[in-house]
Amino acid sequence: MPQVFHRSANLIARVSIIAVVVLIGVLTYALYQIEESAWYTNIGEARPQPVPFSHRHHVGELGIDCRYCHTSVEKSAFAGLPPTETCMSCHSQIWTNAAMLEPVRASYRDNVSISWVRVNALPQFVYFDHSIHVRMGVGCTTCHGPIASMPLTYRYGTLYMSWCLNCHRQPSKFLRPRSEVFDPYYQPPSAVHPVTYREVKYTDQLALGRQLMKDYKVYSLTDCDTCHR
Amino acid sequence: MDSEGTETTTQTQDKLIQPGHTMATVTDKISSIVLTRGTTMGWVGGFAVAFALFVLLNVAMGYLFFVGVGIWGINIPVAWAFAITNFVWWIGIGHAGTLISAFLLIMHQKWRTSINRFAEAMTIFAVACAGMFPLLHMGRPWLFYYLLPYPNVMWLWPQFRSPLVWDVFAVSTYLTVSLLFWYIGLLPDLATLRDRAKKKVSQVLYGFFSLGWRGSASHWTRYETASILLAGLATPLVVSVHTVVSFDFAIALVPGWHSTIFPPYFVAGAIYSGFAMVLTLAIPLRKWYRLEDMVTVKHLDIMGKVMLATGVIVAYGYIMETFMAFYSGNGFDRYMIMNRMVGPYTYVYWTLITCNIVIPQALWWKKVRRNPLFLFLVSIVINIGMWLERFVIIVVSLHREYNPSYWGMFYPTRWDWAVLFGSMGLFLTLFYLFIRFLPMISIVEMRALVHKTEKKEEAAA
Numbered sequence: 006m007p008q009v010f011h012r013s014a015n016l017i018a019r020v021s022i023i024a025v026v027v028l029i030g031v032l033t034y035a036l037y038q039i040e041e042s043a044w045y046t047n048i049g050e051a052r053p054q055p056v057p058f059s060h061r062h063h064v065g066e067l068g069i070d071c072r073y074c075h076t077s078v079e080k081s082a083f084a085g086l087p088p089t090e091t092c093m094s095c096h097s098q099i100w101t102n103a104a105m106l107e108p109v110r111a112s113y114r115d116n117v118s119i120s121w122v123r124v125n126a127l128p129q130f131v132y133f134d135h136s137i138h139v140r141m142g143v144g145c146t147t148c149h150g151p152i153a154s155m156p157l158t159y160r161y162g163t164l165y166m167s168w169c170l171n172c173h174r175q176p177s178k179f180l181r182p183r184s185e186v187f188d189p190y191y192q193p194p195s196a197v198h199p200v201t202y203r204e205v206k207y208t209d210q211l212a213l214g215r216q217l218m219k220d221y222k223v224y225s226l227t228d229c230d231t232c233h234r
Numbered sequence: 011m012d013s014e015g016t017e018t019t020t021q022t023q024d025k026l027i028q029p030g031h032t033m034a035t036v037t038d039k040i041s042s043i044v045l046t047r048g049t050t051m052g053w054v055g056g057f058a059v060a061f062a063l064f065v066l067l068n069v070a071m072g073y074l075f076f077v078g079v080g081i082w083g084i085n086i087p088v089a090w091a092f093a094i095t096n097f098v099w100w101i102g103i104g105h106a107g108t109l110i111s112a113f114l115l116i117m118h119q120k121w122r123t124s125i126n127r128f129a130e131a132m133t134i135f136a137v138a139c140a141g142m143f144p145l146l147h148m149g150r151p152w153l154f155y156y157l158l159p160y161p162n163v164m165w166l167w168p169q170f171r172s173p174l175v176w177d178v179f180a181v182s183t184y185l186t187v188s189l190l191f192w193y194i195g196l197l198p199d200l201a202t203l204r205d206r207a208k209k210k211v212s213q214v215l216y217g218f219f220s221l222g223w224r225g226s227a228s229h230w231t232r233y234e235t236a237s238i239l240l241a242g243l244a245t246p247l248v249v250s251v252h253t254v255v256s257f258d259f260a261i262a263l264v265p266g267w268h269s270t271i272f273p274p275y276f277v278a279g280a281i282y283s284g285f286a287m288v289l290t291l292a293i294p295l296r297k298w299y300r301l302e303d304m305v306t307v308k309h310l311d312i313m314g315k316v317m318l319a320t321g322v323i324v325a326y327g328y329i330m331e332t333f334m335a336f337y338s339g340n341g342f343d344r345y346m347i348m349n350r351m352v353g354p355y356t357y358v359y360w361t362l363i364t365c366n367i368v369i370p371q372a373l374w375w376k377k378v379r380r381n382p383l384f385l386f387l388v389s390i391v392i393n394i395g396m397w398l399e400r401f402v403i404i405v406v407s408l409h410r411e412y413n414p415s416y417w418g419m420f421y422p423t424r425w426d427w428a429v430l431f432g433s434m435g436l437f438l439t440l441f442y443l444f445i446r447f448l449p450m451i452s453i454v455e456m457r458a459l460v461h462k463t464e465k466k467e468e469a470a471a
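Line by line, the protein sequences are chains A and B. Going by the working numbering, the first sequence opens with residue 6, and the numbers climb by one from there. Going by the working numbering, the second sequence opens with residue 11, and the numbers climb by one from there.
Since the hints were derived computationally from the structure, they do not count as laboratory data. The structure presented is a predicted model; accordingly, all values stated were derived computationally and were not measured. Glycine residues also receive a C-beta, built at the ideal position from the N, C-alpha and C atoms. Treat the hints with care, as some may be off.
[Claimed, not checked] Per label pair, the in silico range of CB-to-CB distance:
(1) A/76 / B/68: 57 to 67 angstroms
(2) A/37 / B/348: 50 to 60 angstroms
(3) A/21 / B/208: 25 to 35 angstroms
(4) B/421 / A/80: 29 to 39 angstroms
(5) B/193 / A/15: 17 to 27 angstroms
(6) B/236 / A/132: 47 to 57 angstroms
(7) A/55 / B/163: 27 to 37 angstroms
(8) B/156 / A/67: 26 to 36 angstroms
(9) A/156 / B/167: 38 to 48 angstroms
(10) A/35 / B/167: 47 to 57 angstroms
(11) B/165 / A/204: 46 to 56 angstroms
(12) A/35 / B/53: 43 to 53 angstroms
[What the hints assert, rightly or not] Derived contacts from chain B toward chain A, CB cut-off under 8 angstroms, selection only:
(13) 116
(14) 159
(15) 163
(16) 165
(17) 204
(18) 211
(19) 213
[Stated by the list, open to error] Taking beta-carbon pairs under 8 angstroms as the criterion, some of the chain B residues facing chain A (in silico):
(20) 166
(21) 217
(22) 222
All chains should be modelled from the sequences, with the hints used to inform the complete structure.
Shown next as structure tokens:
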């Protein structure tokens, strides 16, 4: 009886076994890479805004406090976007004729809000409250990144649940003293930049974080209904 | 029945294979069913019925996915009804196949030889039917993968303290090991079919799936090692899988579920129903394909005994449940048992007792165990009884829990029935395809059995 298969079938069989294993590995790796990539998460991608508002200029160069515009950040879930009046509190005096600011003046004149494009939007099924995070010593830049050096605002975190849990599981890795929360240039404690808290110099984030958790009564909240209410 | 009657009186009744068989005749007989007999009208008729039921299942599933689980009779308090009853029933049926193929292999029980192949096939098809139900029962079945622990951007794992997650592991392990074990066992037979096939298509297909089996000594060594290893892996599964399934109930606090007797009682019930299903399949098969010389009356007798033994354990479970309800002094447990016996589902309970305890007592008589028709009827009754047992455990326990304000009734809808009978259609469709395209009795192991029997006879002579 002649052979049913050609000799090469042996090689093909062996190669395909290896190929399947390799392919599954490569595909899995590729999927995770895509999921984490800026292309998929939009991290670092500046959104075009109706007015090219620069945090670098206002926060970094002029040193305006976050709360000057985001007024409700300490009191409510939403940090708040400034009304046009807030812009006009300065821009009625300076750069009054700048072409770049025409949409702001138009908004003021016509009493129509500026439609800012949202950079960090959480889905509706997530309950997030700025005030409690700020109160517990989570700095603005911990989640929003180096805002003082962003010409146009971009997203810094993935906003994945893993990103939230990274801190919720071990808050001591990120907490800072309440007095430093709004400091856009804050550096976590290190040997070079120690952080002074209650007259103690900390050079280690975990030591500081653990002390802060104790003082501020911060717990690792990871129940589903902490955020999904 | 006359022919069956004479069969029991012959001298050869206690042989596992009728005399006169040689290695060649065994191979010829089994392989000819697949290769030369062709597609018979009987097969086509049976397959048509099975396939029609399978289509019914697809219609029912399509409508279910479109509308949602509301098409079934489930609601609060009876949120688990037919779907979970069917799940436990099917997975229990699978257990006999694993017991026969793995446990009895390790125990060197020769009588498993001629029934293990189709019993294993039964296991795989039953697990396939079973695995479908928890998914269908999900409100959003397309999110079933949430049950699997895979790394994800949510950093979210399944709830490992939940027995429902243990189920996922138990059932998927069971399916994997059973499938591997069955397939490894098939390899030499597939090679036999490849060598005997006349058509090019058959040669290529059987050749492809026989993975280049040439029957060399090294192939046989590896085959034996793999079989024993997989049997060793599969044996604990006979006990563990249904134990985990029983935890779905025993871990919960519902009266009628929260009981330590559940694991052993579920395992015994699983083997009980599994052997009933093996007989339900074996008796018509040996008749239609004239395999009485290979699946002998002795096989039927032994399986009848296994059913009797496991049936007695199951009966003990029922008695203990009732006893403990009163002995514990727990009012809720006592109410649960009384509700089963005289509550709104009283007819289901007493049908279950009749099917699972009363009628199977006929198996104490050798005449019944050795009469294929009677045994077939008893096996059908046990299949029904075991389904009813799960219905009683699930629905009758849930419908009246602690607080009368959430008591309610469950009434199955036509879609409930459609899915139940549809799953039988899926099972039978797969089984019909199996007997048409694969050797339903292990040729290799039958050859070995012939060899051993011959040697024994030579030694005796």
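Here is how each hint holds up against the structure:
For the hinted restraint 57 to 67 angstroms between residue 76 of chain A and residue 68 of chain B, the CB-CB distance of approximately 59 angstroms keeps it satisfied. The given range of 50 to 60 angstroms is respected by residue 37 of chain A and residue 348 of chain B, whose C-beta atoms sit roughly 57 angstroms from each other. Between residue 21 of chain A and residue 208 of chain B the Cβ separation comes to about 28 angstroms, which falls inside the hinted range of 25 to 35 angstroms. The supplied range of 29 to 39 angstroms is broken by residue 421 of chain B and residue 80 of chain A, whose beta-carbon atoms lie about 54 angstroms from each other.
A beta carbon spacing of about 20 angstroms between residue 193 of chain B and residue 15 of chain A agrees with the range 17 to 27 angstroms that was offered as a hint. One distance hint, 47 to 57 angstroms for the beta-carbon pair residue 236 of chain B and residue 132 of chain A, holds here, with the actual separation near 54 angstroms. Evaluation of the 27 to 37 angstroms hint for residue 55 of chain A and residue 163 of chain B yields a pass: the beta carbon distance comes to about 32 angstroms. Distance hint check: the CB atoms of residue 156 of chain B and residue 67 of chain A are about 48 angstroms apart, inconsistent with the given range 26 to 36 angstroms.
Against the hinted window of 38 to 48 angstroms, the Cβ-Cβ separation of residue 156 of chain A and residue 167 of chain B comes to about 40 angstroms, which satisfies the hint. At about 23 angstroms, the beta-carbon gap between residue 35 of chain A and residue 167 of chain B misses the expected band of 47 to 57 angstroms. At about 37 angstroms, the beta-carbon gap between residue 165 of chain B and residue 204 of chain A misses the expected band of 46 to 56 angstroms. The hinted range of 43 to 53 angstroms is satisfied by residue 35 of chain A and residue 53 of chain B, whose Cβ atoms lie roughly 47 angstroms apart.
Taken as an interface hint, residue 116 of chain B does not check out: its beta carbon lies about 29 angstroms from the nearest beta carbon of chain A, beyond 8 angstroms. Taken as an interface hint, residue 159 of chain B does not check out: its beta carbon lies about 14 angstroms from the nearest beta carbon of chain A, beyond 8 angstroms. Residue-level restraint check for residue 163 of chain B holds (minimum Cβ-Cβ distance to chain A is 4 angstroms; threshold 8 angstroms). Interface restraint check for residue 165 of chain B: the shortest CB-CB distance to chain A comes to about 4 angstroms, inside 8 angstroms, so the restraint holds.
Because the closest C-beta pair between residue 204 of chain B and chain A is about 7 angstroms apart, less than 8 angstroms, the hint holds. With 8 angstroms as the threshold, the beta carbon of residue 211 of chain B stays out of range of chain A, its nearest partner Cβ sitting at about 11 angstroms, so the hint is violated. Evaluation of the residue 213 of chain B hint against chain A yields a held restraint, the C-beta minimum of about 5 angstroms falling below 8 angstroms. Of the supplied interface hints, the one on residue 166 of chain B holds, with its beta-carbon coming within about 7 angstroms of a beta-carbon of chain A, less than 8 angstroms.
This hint holds: residue 217 of chain B has a C-beta 4 angstroms from the nearest C-beta of chain A, less than the 8 angstroms allowed. For residue 222 of chain B, the shortest C-beta to C-beta distance to chain A is roughly 7 angstroms, which falls under 8 angstroms, so the interface hint holds.
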